[in-house]
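Residue numbers (our numbering), protein chains in the order written: chain A, 1 to 367; chain B, 1 to 416.
Everything labelled a hint here was simulated from the structure, so no lab data went into it.
Quantities reported herein were computed from a predicted structural model and do not represent experimental measurements.
Heads up, some of the hints might be wrong.
[To be verified] Cβ-to-Cβ under 10 Å is the rule here; a few derived chain A residues that face chain B:
id	residue
1	Ser-65
2	Phe-115
3	Tyr-243
4	Asn-261
5	Ser-271
[What the hints assert, rightly or not] The list that follows gives simulated cross-link-like pairs (lysine to any residue, SDA-like), each with its CA atoms no further than 20 Å apart:
id	chain 1	residue 1	chain 2	residue 2
6	A	Lys-118	B	Gln-129
7	B	Lys-355	B	Ala-387
8	A	Lys-118	B	Leu-88
9	A	Lys-36	B	Ser-311
10	A	Lys-306	B	Val-3
11	A	Lys-8	A	Arg-210
12	B	Lys-328	B	Phe-354
13	B	Lys-4	A	Phe-235
14	B	Lys-367	A	Asn-170
15	A	Lys-213	A	Phe-225
16	B	Lys-24	A	Phe-273
17	A	Lys-70	A	Ser-58
18	A	Lys-187	B	Glu-373
19	B	Lys-270	B	Lys-240
20	B	Lys-376	A	Glu-247
21	B	Lys-237	A	Val-244
22	A	Lys-118	B	Val-125
23	A	Lys-118	B	Trp-22
24	A	Lys-66	A	Leu-54
25	B	Lys-160	A	Ile-259
26	B	Lys-24	A	Thr-121
27	B	Lys-4	A	Ile-135
28	B	Lys-287	A	Asn-170
29	B	Lys-203	B	Ile-227
30	B	Lys-367	A	Phe-235
31	A	Lys-68	A	Ile-355
32	A	Lys-187	B	Asn-370
33	A	Lys-306	A	Arg-137
34	B	Lys-240	A	Val-244
35	B	Lys-287	B	Glu-325
36	A	Lys-213	A	Thr-7
37	B	Lys-237	B	His-185
38	B	Lys-376	A	Pro-180
39	A	Lys-167	B	Asp-133
40	B	Lys-270	B	Asp-333
Glycine included, each C-beta is placed from N, C-alpha and C at the ideal position.
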Amino acid sequence: MLKKQKTKVGAREFFALYAMTMALQFSDQTPATIFKDAKNAGWMVPIIAGILTLVSFSFVLLVLSKYKDKNMIEIIYSTFGKYIGFILCFILFIVAFAAIVLNSRSYVDITRTMFLPKTPTNVIYFMLIAAAYMIGRGGLRGISSTAWLFFVPMCIVIIIMSVLSFKDINMYYIYPIWGPGVKEILKVSVRHTGVFGELILFTIFFSEVRSYKCYKAASLTGTAFAIVVLAVFSFIYITVFDYVSLENMAFPFQELTMIVNIEQFFTNLGSLFFWIWIMLSVIRCTVLLYLATSIFCYMLNIKEIKPLLPALSAIIFILGNMPNSSLAQNITSKADVFYQLTYYILLLLPFILWILSKIRKVAGNES
Amino acid sequence: MKVKITMILIMNICFGLLSGCWDKLELEEQAYVVTVGIDIAEGDNIVVTCQIANPQGGSTAGSGGNQNEPAAEIVSFTMRDFLSIRDLAASSVTRRITFTHTKTLVVGEDFARSDKFYNILESIVRDRQVRRDTYLIISKESAEDFIRNNQSALETRPHKFYEFMSKRWQESGLVPVSIIRRFIHDTESGEALHLAIYGTNEKTGIAGEKDEDNYIAGEVDKEGGNIVQLIGSAVFKDGKMINVIDGEDTRIALLLREQIDIDTYFVTYKDPKDEEYVITIRLTKHKKTKVDINTDNEIPTINVVVPLEASVVSIPSNVDYVTDEGNKNFLADYIGEELKKKTEKFLDRSKEEFKMGAFDWYLIARKQFNTLEEYKLYNWREKYPEAEITVEYDVSIKDFGRLFQPHTNREGSANQ
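Sequences are here, hints too, so could you generate the full structure?
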């Protein structure tokens with residue numbers, strides 16, 4: 001029993017996994033896609049989207065509390081049956097897979113544009129995916145321990161950045177308070193529930209976590225952390241740059257690292273943040289890679305996940321390197337399709353799952 | 001086990017070989033550009049001037065530097081676009097041009113007044129190396145002349161000149177602290193004039209008496225030292241330079257902004273009780289300016305109260321402003337009135353000539369609305385020139401320097 005306990009992931013590590021993968025989006029192109037539509041009210045979007053996702057997640061928790069030892073895929077199969085279950089799992093897989101391809105590409109673009117302009121894209125991409133694969137070989141326990149290890153540096157970056165940007169903040173930039181209008185903010189928030197998509201997708205790992213209580217605590221605190229970080233940073237971006245400049249900015253976080261300074265002595269802090277940031281993004285890519293692989297394996301009932309990692313890494317590498325996966329498209333067309341796909345599933349699936357499990361239960365009682 | 005060891009070995013070799021691969025930088029091979037100048041040239045071309053810091057020159061003896069070397073190398077190239085200087089420079093500069101430490105961008109007035117300026121500036125910001133908090137200086141002559149003639153005896157290191165100057169600007173308010181980020185923001189918002197630092201190294205001189213701050217660059221009558229003068233500001237509207245204002249108007253513009261952009265500064269006034277003399281006063285904006293904007297009506301009303309603390313530093317006329325309460329209040333009101341007169345003149349100019357404000361009031365107006373849609377419908381840009389603006393200066397006299405009373409008072413012969 002003790003041995004089994006050890007192979008499972010504890011609440012602390014799982015919290016780090018949640019907090020890191022979701023919160024790290026403050027430093028990639030996610031804020032840029034939010035500000036494009038939500039303008040100066042963009043800081044509300046993470047809060048509303050987070051709450052929406054949490055509401056739908058509470059249904060997942062209700063369902064999960066009934067199945068102590070099963071993961072999400074098994075639950076879907078047992079609720080929806082073999083065929084519809086497979087289709088749903090496949091859609092989940094596509095969502096997770098698209099997330100890793102889009103995100104990894106986004107990190108490569110940022111690295112290339114801001115720091116390593118001469119290095120070929122495919123080399124950076126290869127390094128990123130290779131590193132993600134290396135960490136992924138450690139299994140979920142290895143990944144979450146790594147996430148916990150880097151959780152503290154991430155907090156340090158977050159705190160330093162918020163403190164240093166304080167003097168550049170102009171509170172007037174957040175007005176008019178409702179920005180493009182309440183309706184538009186809600187619309188954008190619904191469209192960006194995909195930002196917290198991991199909340200639902202991580203239910204795949206449910207059976208790997210020590211207990212239901214652990215899982216619940218870790219997921220809720222992790223999400224709360226991510227909501228706060230994303231909202232605070234969106235707020236900082238808006239109050240430092242104002243939406244008129246933000247609309248044209250591809251990488252607000254990197255721009256922010258370039259303008260913060262400590263008096264006149266430490267001025268070029270951008271590269272200092274870069275090396276912490278690149279490590280964090282490797283971990284995020286690892287998590288997403290492992291997530292996609294896990295869904296794939298559970299879907300096809302493959303017991304061993306690790307042997308499939310290199311295959312999926314290779315596919316991601318090839319897809320991400322496709323000539324069309326360029327930066328501008330990432331922000332516009334592709335991301336839109338991706339978010340649209342995800343928000344339907346992520347908001348509706350838990351609800352349907354819950355209703356169906358209720359019906360099953362009632363039907364089971366009657367028979 | 002064997003596999004593990006081989007893996008670790010391979011990884012370690014990879015780390016060694018792959019570190020930085022294509023983008024590796026040798027510190028010694030970098031040419032750090034401290035100041036960039038841009039001028040208009042014939043046809044579609046621009047002249048780009050780079051002041052490249054020499055890490056060996058100008059350092060103190062004993063720290064390994066070579067004192068005989070010049071502190072900077074200044075090169076100018078004529079070309080189509082700004083960033084291609086990196087390659088063109090390779091024709092004569094031995095090191096690789098790097099803009100990561102660029103502190104200042106100097107733009108010739110002729111170029112700033114042309115339509116092309118804003119486009120070129122945007123292309124500069126697109127580059128990953130150029131920082132958005134680079135200072136923007138507009139030079140009366142060409143930027144190339146400005147950079148070449150800027151020889152400060154105190155600061156042999158070129159980057160220090162601007163670093164230290166920027167602190168003086170903040171203190172005196174004679175020039176606005178203008179950075180590229182703010183310039184782009186003012187321009188993109190379409191609602192604000194941008195005030196950029198105005199400088200020159202041509203001394204023009206001016207007839208007639210001047211107070212201490214109503215100069216524009218070139219008019220300051222000084223001898224010796226660095227020939228560069230930075231005073232007053234270049235006024236930009238929609239990304240194009242339209243005019244120049246003097247140091248006094250710059251101070252007023254900074255005072256009218258809500259935030260504290262100006263620390264403390266000296267002014268002289270004719271002594272209201274004895275016109276023969278002047279009194280010198282140090283003014284401090286100790287609190288935020290209070291700006292009330294009412295956008296309920298078709299014509300916006302703007303009420304501004306500028307809080308100022310005054311320290312009287314010299315009273316050559318020997319009028320007792322110190323112990324006489326009446327005189328003290330009279331002086332405070334007098335300063336407020338003087339400032340108000342000048343401010344109203346400048347506001348009229350901004351409404352009639354520039355048709356735009358430079359005081360960030362549009363942000364306060366923005367706060368009055370619930371959505372961006374409503375704000376855009378109100379059309380602040382069109383409304384501003386008609387706005388009813390009242391300005392009050394709330395001057396309180398804080399102290400009188402180190403003396404209680406005028407010297408002569410002790411002998412019982414002070415005036416009044």
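Restraint status (C-alpha distance of B/Lys-367 to A/Phe-235 at most 20 Å):
holds, 16 Å
Restraint status (C-alpha distance of A/Lys-213 to A/Thr-7 at most 20 Å)
holds, 17 Å
Measure nothing beyond the straight line between the CA atoms of A/Lys-68 and A/Ile-355; if it is 20 Å or shorter, mark the hint as holding.
holds, 18 Å
Restraint check for B/Lys-270 with B/Asp-333, where alpha carbons must lie at most 20 Å apart:
holds, 14 Å
Could you check if A/Tyr-243 really has its C-beta closer than 10 Å to a C-beta on chain B?
Holds. Min distance 8 Å.
Holds or violated: A/Lys-187 with B/Glu-373, Cα cutoff 20 Å?
holds, 16 Å
Would the hint linking B/Lys-4 and A/Phe-235 be met if the CA-CA limit is 20 Å?
violated, 47 Å
Is B/Lys-367 close enough to A/Asn-170, meaning Cα to Cα at most 20 Å?
holds, 12 Å
Given the hint that B/Lys-237 pairs with B/His-185, test it: the Cα-Cα distance must not exceed 20 Å.
holds, 12 Å
Straight-line Cα separation of A/Lys-187 and B/Asn-370 no greater than 20 Å?
holds, 18 Å
Decide if the proposed pair is consistent with the structure: A/Lys-118 and B/Gln-129, CA atoms, cutoff 20 Å inclusive.
holds, 13 Å
Run the distance test for B/Lys-240 versus A/Val-244: straight-line Cα separation, threshold 20 Å.
Roughly 18 Å separates the two Cα atoms, so the pair holds.
Consistency note: the structure conflicts with the earlier hints numbered 1, 9, 12, 13, 19, 35.
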